[in-house]
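Enquirer: Add chain B to chain A, keeping to what the hints say.
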Amino acid sequence: MKAAVNFIISIILLSVLSSCSKKEPALPAPTVFAGVIFDDPFNVGPLTIHYQGKPLADVYPLGTVLTILPGEGKFEFFNAGGVRVLEKKLVTDANSTRSYIYYKPNPDAEEVDLIENNQLSEPEPAIDHIKVKIANLAQSLFGDKDIKVIFSQNDIALDTIETSGIEYTNKYVELPRAFKIVRNQKRVTPLYVLTFLNENNQLIVAADNTPLSYEWRSSLFEDINIFTFFIREGSPGIPDITVLFEN
Amino acid sequence: MQKRIFRIACFMLGIVFSCACLRAQDISKTIQLPKKEMTGKEVIALVEKEYPVQFTYGREVGERLDKKIRFPKAGISIRQLLELLQKNGGISNTSGGNGAIILKAEAMTLPGNPPPDKKGAGKITGKIIDEENGQPVAGANIRIGNKGITSGIDGSFNLSLPEGNYSAAISYVGYGTKEVTDIVIKDDTVFPLNLTLKRDNGQLAGLVVTASAKNESIASLYTRQKNASTITDGISAEQIARTPDNNLGQVLRRVSGVSTIDTRYVVVRGMTERYNQAMLDGVIIPSTDMNRRNFSFDVVPQELVSSVVVNKTASPDQSAEFSGGQILINTLDIPTQDFNSFTIGTGFNSRTTGKDFVQLGGRGKNDYLGFDDGRRKTPHDLQSWTQRNDPLPSYAIEQSKRFSSEPLKAYTYKAMPNQNYRFSLGRAYDLKKGLKFGFSGGLTYRNTQETNPFETIRNSNVMEIDTVRFKGTGNLHKFNTTLGGVLNAGIQNEKFKVALKNYYSHVFNEVTQNASRFEADGDRRYVELYTIPEFISVYQNKLEGENLISRKGLKLNWSGTLTNINQDIKDMRRLRYDKTATIVGKSYYQTPAAYTFGDNSGAYDYRLSSYLKERDYNWSVSLSQPFDFLKGKSIVKAGYSGWRKSRSLGSNEVRIIKQNVSEKMTGLYEDLLAPGRIGATGDSAFYHADAGRNGTQYTGSSKYQAVYLMLDQRILRQLRLVYGVRAENFDLQNRQDQFLRDPDNGFANAKVDPYVTGEKNWRFLPSVNLTYSLTNKMNFRAAYSTTMVRPDFRETSYFELFDAYLEAYISGWNVVSTKIRNYDLRYEWYPSPGEIISVSAFYKHFDKPLELVAQSVTGGSGRIRYLRFQNQDEATNKGFELEVRKSLGFIADKKWLRNLTIFGNGTWMQSEVKAVNYRVITEDNGASYKLVAETVPGVKRPLYGQSPWIVNAGISYNSKIVGANASYNRSGYRSYVVAVLPSMVEFENGRNLVDLQLSVRMLKQKAEIKLNISNLLDETTFFYTNPTAYGGSVPGNGSSEPTTFDRINGTDKYEKDKGDKISYRVKNGRTVSLTLTYKF
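Top to bottom, those sequences are chains A and B.
The working numbering applies: residue 13 is where the first sequence begins, and numbers increase by one.
The working numbering applies: residue 14 is where the second sequence begins, and numbers increase by one.
Hints listed in this document are in silico derivations from the structure and should not be mistaken for laboratory results.
These figures come from a predicted structure and were not determined experimentally.
Treat each hint with caution, since some may be false.
[Claimed, not checked] Some residues of chain A that are not near chain B, with every Cβ distance over 12 Å (derived):
hint : residue
1    : K34
2    : Q64
3    : N130
4    : E227
5    : I238
6    : N259
[What the hints assert, rightly or not] Cβ-to-Cβ under 8 Å is the rule here; a few derived chain B residues that face chain A:
hint : residue
7    : G375
8    : G377
9    : A594
10   : Y624
Every residue, glycine too, gets a C-beta built ideally from N, C-alpha and C.
Next up, chain A with everything else stripped away, as it sits in the complex (with noise of 0.2 Å):
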């Protein structure tokens, strides 16, 4: 009898004094996360990634914030035939987002490569002016020779920029934007016209001997004025101009 009394008035203490029990918070505290884009405007894929040798998630549709966590990360992609076509390591920041497009520097090999975006960093253009950087990946196009760009608008050449294989040019170039008053509403002139010198500072021609040229439309809005170009060979024989970034 007394033992069990005992025991009951025990239970009770112990219940009482825990009524300030410790505790702790349910739910883990808030992770800090970074983010990482893959976008594929070469249609190279579809590739399947994994992260920290991990599938990185059940769906990762092109283009949109893949989150990941902070600091350097293993990244390896795969293709539809499950061949591992690349293996990168890349150190993301907390609270940023790192974005890179698959790109195949051989179109006839496996082998993916990333080119990161990294205009988002870049500090904005001057007033009326827009900030351009290119590469060349239509080597065969021009003769596997170092190229000259003039982006001309109305006629008047603006500027001409220089490319260097297939690397993009060391700096953004800034040129400015034309545009016209109407009815005291600013309106951008978004039509550039894009011509090639080759490695003699001549004008490259066409089968009709004609100069080639590309006509090339930025954005209306003047908050978005940094492009990165890729030149690469549209249909046989004519440049198509590809606006891989443009912020």
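Expert: Relative to chain A, chain B alone:
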């Protein structure tokens, strides 16, 4: 020689106590005894041989007569002999008439014990009733030891005695004599003795029935029951004291045909709480639940319960608001003995104690006391608005900053053992001129923590609960603190009685869900956290009286009651987090599911506080007059009773709104909604106080008055007819203030919903109860009654409130009373005191039964279930019931077998409801709207909550020292959520419930330790749907009319091979509790 002495002794007995068979001259004779030492029984045998007398005595006297008596000499006078018997044997005597001599045990001072202390005399008190009709026997002689008394007008008696063991002899003209043994009188205590007397009916006078005091008390209850005007079952205070039960909820399960769920919900004859009525001291007990009718029965200390009676048929003088059963809990006012009792107890649950226990917002300092420490307080003076395409009002952000975000943080504790304490006391005082005063009271405290792990696919729009991708899993954490208090006092004499009864209960109940859920819409998995903290207080004060107006028995009964109820929900919170990412196999849920204004599917995360106040006045007065009719005593009774109730409910609900659609929020709510971060731009959110959900929701008043006339007629002793009529006027007006502010409440028929719900009408409710006594131990009963179950404020309110168990929002509607015609037949046999075997059959017809029906809501996507009370067309319940409570003493005359009792009851029932589909049709080219109710042909299902069968069975052992009890409960499936569409009806499958109880009494029975193991099997409770049971089309909606359904696959019961799908599984765990009670 000895023979002669005893013969003389017998003669002297006869003279002294008017024993007519002995002649005066025999007194002087000397009896020669054959030896100097003889047992009393040997002497009695000598006397009975010589003289025409017969001695009768009980077990205790018999034991004393077994002892040898040493006689001083061979020849002794009878007078000397009797003195010797009385002095050494403690045996007194009295005449039973016609030569019968009753020997009685007197209080004895045992060798070595101190002599009785005259200062601390004990008491015996009780009531004598007629075994045949249950009426009090006034003027009966009660003789105990050398003292005697006559019973009062109500059959009660009261006698002071020195400490000792006694037998009592009770006799009265026209009745047999009864000897009651095992009366233990102790100093400063009162021994309760309720007993029955049987009419002699021409049998040989002098027949003495012997019974123990305990059995007599039990028998008196069953005598009252056998002679009750209606079909009843019950349990007495003495029986309650003998059970190993911890609280009144457990006790109720011992009453035939009654089941309790979680000690809160009562099921009688398989019928759910809505069709049962619980009354405390004659007043309907307010519900301790916001959404359903229930009552925490464990709030009333069981030491203060004088009896529990369950009426299964109605009589005109009782409230007629039930169909299954009316549970009458009567508390003590003037106790039969002074008492103090203290109980402490603890217990653990196998799925809870020592494991993680989540509470949103953390545990308050006063949670263990049942009160909020202020952490759940939210602003009540918010400016609300209806958001359209306009900009946000200027005050929206600022008033959002008044909310603390700390309550949005979830904490984990370790669940602690349950604890409960109970203290009760009673005192009775004898005043001058037969006036008695007494009071009794008690306090209870209980804290329980319970975790129920569950699996679910409810509201997910998927069917396979065993598919890992779809299955939702989580825990319901239930923290409950209950405080209760009862304080009663009464004063009475032979002509009047006045009692004041006060009751208080306070319940703090917080249910927190922490779960991982899936939703097919969007193929989305999310974490859901919600908590519902409810604080419910009930105060009740009742003054009641009974007056004997005339010597012919005209009696006046009256009462007045004031009840105050407060029900507050303090900061109910619902928070969800979508998956932010799965990284290296680990999922992160840190994207709050805050929506923009455009999402009106009811999926908002929100915080809700509501405050309910109700004040009730109840009153009653009745007059009864007994009269003789055809050789039987009959009673005519007329009465008037009524109530007036007023209730209002207000609420403050704020929804968490994210204004910027494109910006993704990441983090936890407690950070995002911190006052410093609240906003309407970027990755911030704020609170929207919607006009329809803030302010007074409804204001209701309910008036009820009833008059009745009842005749209780006994015809030729064997036939009893109780009949009469009750006329009720009911007026419920519930003003829907919410509806005025937001008439478009989301339901399709909102266009026809009235602003004020309720009804006003007169109803005449006839009833007749016929009892035919086949023998003294057998009755045949037949009864008919019309009863009305009235809608309450909740059932007539449009206010939606989330229910954690149903996982649905519940709201009321413009519903009306259910009229029920009840037909009952019963054969009952009372083999011996405390035993019953009965078979009953019943048929019930419900006109406009009420059901909680799932609604189709436009705009939702299955994420939320909406249930609404609505009237159906009609329903029938028919079935039969078997009840057994029998001691096993009939097998062999062994004490342990006599202490062993088997009990059980089973109800088998067929129920069918004719359900209707409500829809709104347009008239006059859309100028007006009309509500139509159309029967959906082809659907056959039972009334909401009805189970086709329910079985309770058990065995109990009760001795002076040890008590043990094993009980089993199982019921068939029952509908849990009903809907017009058969595939949406959700059933609860029955499960096997086994409870064990053990008790040991010690320290001269002052202390008792009870061990309870409940839900020993810990079976899973599961819920299911029959999605392929019926073929047919979706019922009518808008302009289309409902089509016919055909049952094509299986029945309502769970049939896995017929495509039935489990929607929810939950485990409750085993609970082991240990309780110590000490009485002093």
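Enquirer: Which of the listed hints are broken here?
Expert: 1, 2, 8 and 10
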